[in-house]
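K.L.:
These are the residues of each chain, in order.
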Amino acid sequence: MSISETTIESMTKDLPLPSNIMKALRNEALNAGVSKKEMEEIIEQVMEEYKESCIEPCDAAGVVAAQSIGEPGTQMTMRTFHYAGVAEINVTLGLPRLIEIVDARKIPSTPMMTIALSKENADDYAYNREKTRALAWEIEATRIDHIADVTTDLSQMKLIIDLHEKAMEGRNITIEQIKEKFSEEMNVMVSISPDFDNQIIITPSEPSYRELLQLAKNIHDVTLKGIEGIKRVVVRKEGEEYTLYTEGSALREVLQFEGVDRTRTSTNNINEIYEVLGVEAARNSIIKEATDTLREQGLTVDIRHIMLVSDLMTCDGEVKQIGRHGISGEKASVFARAAFEVTVSHLLDAGMRGDVDELKGVTENIIVGQPIRMGTGDVHLVSRKKEEKIEIEDECGV
Amino acid sequence: MANVPPIPKRISAIKFGLMSPKEVRKMSATPIITADTYDDDGFPIDMGLMDTKLGVIDPGLRCKTCSGRAGECPGHFGHIELVAPVVHVGFNKIIRKLLRASCRKCSRILLDPTQKQHFLGQLTAVEEIGHRPDDLINEVYKEASKVKTCPYCNEEQLDIKFEKPSEYLENGEKLTPTEIRDRFENIPDEDIRVIGMDPNNARPEWMILTVLPVPPVTVRPSITLESGQRSEDDLTHKLVDIIRINQRFQENREAGAPQLIIEDLWELLQYHVTTFFDNSVSGIPPARHRSGRPLKTLSQRLKGKEGRFRGSLSGKRVNFSARTVISPDPNLSINEVGVPIPIARILTVPVIVTPRNIEQLKVYIRNGTLIHPGANYVFRPDGRRIKVTEINKEDLAEKIEYSWMVERQLKDGDIVLFNRQPSLHKMSIMAHSVKVLPNKTFRLNPAVCPPYNADFDGDEMNMHALQTEESRAEAKILMRVQENILSPRFGGPIIGGIHDHISGLFLLTRFENRISAKDAFDILRKAKAHELPAPASHDENGVPYWTGKQIFSQILPEALNMGFPAQVCSHCDVCQEEECPNDAYVVIRDGNLIKGTIDEAAIGAFKGKIQDRIIKEISAEAGAKFIDDMTKLAIRAIMRTGLSFGIADEDIPKEARIQINEVLGKAEDAVQNLIRSYENKELEPLPGRTLDETIEMSIMQKLGKARDETGNIADSHMGLENSAVIMARSGARGSILNLTQMAACVGQQAVRGERIRRGYAGRTLPHFEVGDLGSDAHGFVKASYKSGLNPTEYFFHAIGGREGLVDTAVRTSQSGYLQRRLVNALQDLEVHYDLTVRDTRGVVVQFKYGEDGIDPTKSDFSKPDVIQRIIRSVMNKEAAE
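For the record, the sequence lines run as chains X and R.
The numbering of the first sequence is my numbering, which starts it at 1 and goes up by one.
The numbering of the second sequence is my numbering, which starts it at 1 and goes up by one.
One should not assume that every hint holds.
[Said to hold, decoys possible] Each computed SDA-like pair below joins lysine to any residue, with the alpha-carbon atoms no more than 25 Å apart:
# : chain 1 : residue 1 : chain 2 : residue 2
1 : X       : LYS106    : R       : PRO864
2 : X       : LYS288    : R       : PRO864
3 : X       : LYS106    : R       : ARG820
4 : R       : LYS863    : X       : ASP316
Honestly, the hints are just simulated from the structure, not real lab data.
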């Protein structure tokens, strides 16, 4: 006699189980068609197992997490570059990438974006090659080198830009747009050549050679079209869907484009995610990037360890580095900071401020030579003599 | 020792502060006025730097302050009265900031009262939530130094400039430390709080020294050289300099020397005091020893890896430890360690004499220090230590009474800690029980090598004998090897069979192996199985035989049920599970291996599913026993068949060689074609790549494919009769790639993931034409290791090999630092009773550990299989009833 879904749900609803276990339990129980008596026994056993599997209080979860992530570091390769799915884009992987993640660098050494496209209807960007290509050109930064040859005419004190029509067409950009962009971005005279097709002539505002040469250099840095910082966009078809991969990252700008699926678009620049989407998104991004880096190397590390590191880095509402300028530099204990790095200045500062070290952490207690308050050191047993009540002092201070 | 107080006293907090001159004088045992240390008799001079009031280091003398002997007296500070105040180098930055932030006339902080109130409020708020106030204080200084006229006395503020090393200029005029000190003295208490200082413990004027504390002699012991000459510590040298200049300064001032000379001397005094504190300040030359070596002064003593903090306080040296080379002993349990007798005779365990052990302890004492389970020391209840000697051992044995303590030698069954550096994870230190063995190396079961990352090519390991009952209990419960088989990193076993264990069981259990009763017992002998099940069948002559699977089943616990694909699984599209034609699906029912081959996936370290399941379902003890039995069984099994590997194993038939050459020839042609089309500008570049990059990539791809193809050819000519293939397929050691490199073709040598391009201009070696893009010229090795490399190939191979070596060297230091940073940042996180993870300040980092509260070691529970298993078992039980 199997019981109904509602009965199973009401039987399980008050159990303190994690949601994935709860879901599995409900589904499996329903599929198996258990009776009420069986369900009771199942619940009892599941709870028993759950209790068994829970982490024990006073466990030094931090050290275990740090070791679990640090230890495989020795086995990682240094091969900096690898093709992350896309043959055209190089991405830092391995140990250097892991270091980059915990360092909370403002800009990663190889920023990269995965732009998912909207797929609301059958002809939406994700399924339409033409639309996707057009979007890719809109996003990719176009510089003058991509579409023209630049020659410096020293005798006439001007720069001659010969535009390639085909390249311009491909990138969907017109000569007027280019002219406008140059006059907007730089303090120069821009004119369309009257003699030749597709030629632009730029003369510096002041006629001096220095100015001209400077101009010839600067002109290559002007982004004519697209988003600055996105050096290259690659279109790839994955299954049915087209996806864009970019070298360089500009999340805020890319999300503004029509046809970009904002829910699935992502970057490997954690700091950018923090600025655009907030600290929770940054936390998830750290977890994702670290897990991916480790998995790519064929190393299995439980996600809980990575989560703990990520949570510690973000628990104050901003992304903090693991190291001197982040977590370790902001510890409450003077000794812990002094024992890590920049010993002397921490001691001098502490003296000047009149700081008090409460000796709560691990390093501090090791330094003064007493047991640490963690694991078995956090539990205090006071034996009670028979038939004699002893006032238990709050010695352990927990 | 024997009378340790029951509850150890705890230091609850340590307060930091600056020392006021008054305090320095108060704690000083004596003023120091003479720069001399010892008189002609070698006796410390009074009021000199080695004054016995500062403590003693020479044996025989007594401290004049505490009358303790050398070793008992902790040392006492003295002091030097400086003739004129000098700045403390460490505070230069703050002094500068404070000069800019305070009024030059009335010394108040240049902020109006409302601002001060505001900052004070913020400071208390920040303190309450336990954050560091640095940023806020910097803001106070910034705001205050912007103000140009004092809001209290309307005095105009002048520009303060700081010049290295320690000069302060106010509108170009020099500010003497005396003037600075005067200004700071007048800052009222409430203003001091605003700049984040504590007026009771750290007044700003104390950053300018008028009296210098002299560290005790115990801090700067002098050493006597063999020649009988005394060599003073660097700090003493520095103090001598300070006293000399101080004296000269005073004499000159009293004599009314010109201002210029006074200033020079003042500067010199400042220099010496500066280098006394820190001898690596930028902008001043470091003070040097006569030999030219820079002196190691106070901050050099604290700084860095070998400094006081990291070298002496965070890492301490210990007694009761031993270190020697390790070697394997498969006859030991994984929980044991073989300790050489010479070590066991020196390391001791303290035992308090009780009625229950007195007779045994007497025996130990009578054995003395030379016969093994002996005793080395006896402690009387008053703490006196008596060494057990050949002469007094009989007397001592008679003399001991209850509550005495005997330090007996290490013996079988004692719990010790065993460690191998680098200690990268908690499994790098585990508890073993002692097994005293002859010879001079530590012995351990080769199955415990993976957690220590040890091998036997000369590795050394450390052992620590535990000294208290609590530590032994903790070590036994928490740190024993069997408790650490499962790694918290991925929740799987980190201990299991390695190398020959895997090959052995692979050979034993693969397909049907006919084993006679005699052989079967021989294989099982060490595994302590004394009975055999019913024979599998009888051969032609009617003699019963058993299969290898049956023999392996003897060491499996009876309650074990599982099924999983083996390492040799070829990942067919549809898994036939039990019906696998390659015998690559392992099925265990009620502790009997029904089907499948035992290999790395079953019993290997990191991967072994069997240990994993036994530990999770039965117990850690059963898991340890299984590993013990398994390793012994495997070794006897491999001894029965034998497994050897020689040069002939790399032989491939002639036709295979021809095929390989054909493939390589074709690849060579393909590369030449690519090069031709590149040179004729016909090559289409890959999107977003230059032409040069494109050709490199396509060549690499072509050659890589060719190497794989040759590998496949070689592989197809080598079957499971080849021991190298057995090892590679079962996961025991090596890979198919290694094998093909030996037999078929070594392949492309790469530097930074690219073909080798460095060397001469336009070519790698003079053997090639300039601009040659061909495979040979850029490090493609056609030969196999067996056939031998030609000179250019050999050279390219060396280039590739060197990169690997450099890579490893760089990586170890980088990952070491990463590990240090991670551990330092995370070490204070602890799971609390409500399963929240918090740091020392009580800040919640996670509300529930890992979002589900599950221990990663037992993380299997987070997978739905567990629920399925429970439901199935309950249903089956009900059905049975």
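K.L.:
Could you run down the list of hints and mark each one as holding or not?
P.N.:
Now the hints, each set against the structure:
1. The hinted pair formed by LYS106/X and PRO864/R fails the criterion: a straight-line CA distance of about 39 Å is larger than 25 Å.
2. For the given pair, LYS288/X sits about 22 Å from PRO864/R by alpha-carbon distance, which is consistent with the 25 Å threshold.
3. A distance of roughly 22 Å separates the Cα atoms of LYS106/X and ARG820/R; the hinted pair therefore holds under the 25 Å criterion.
4. About 31 Å separates the Cα atoms of LYS863/R and ASP316/X, which puts this hinted pair outside 25 Å; it is violated.
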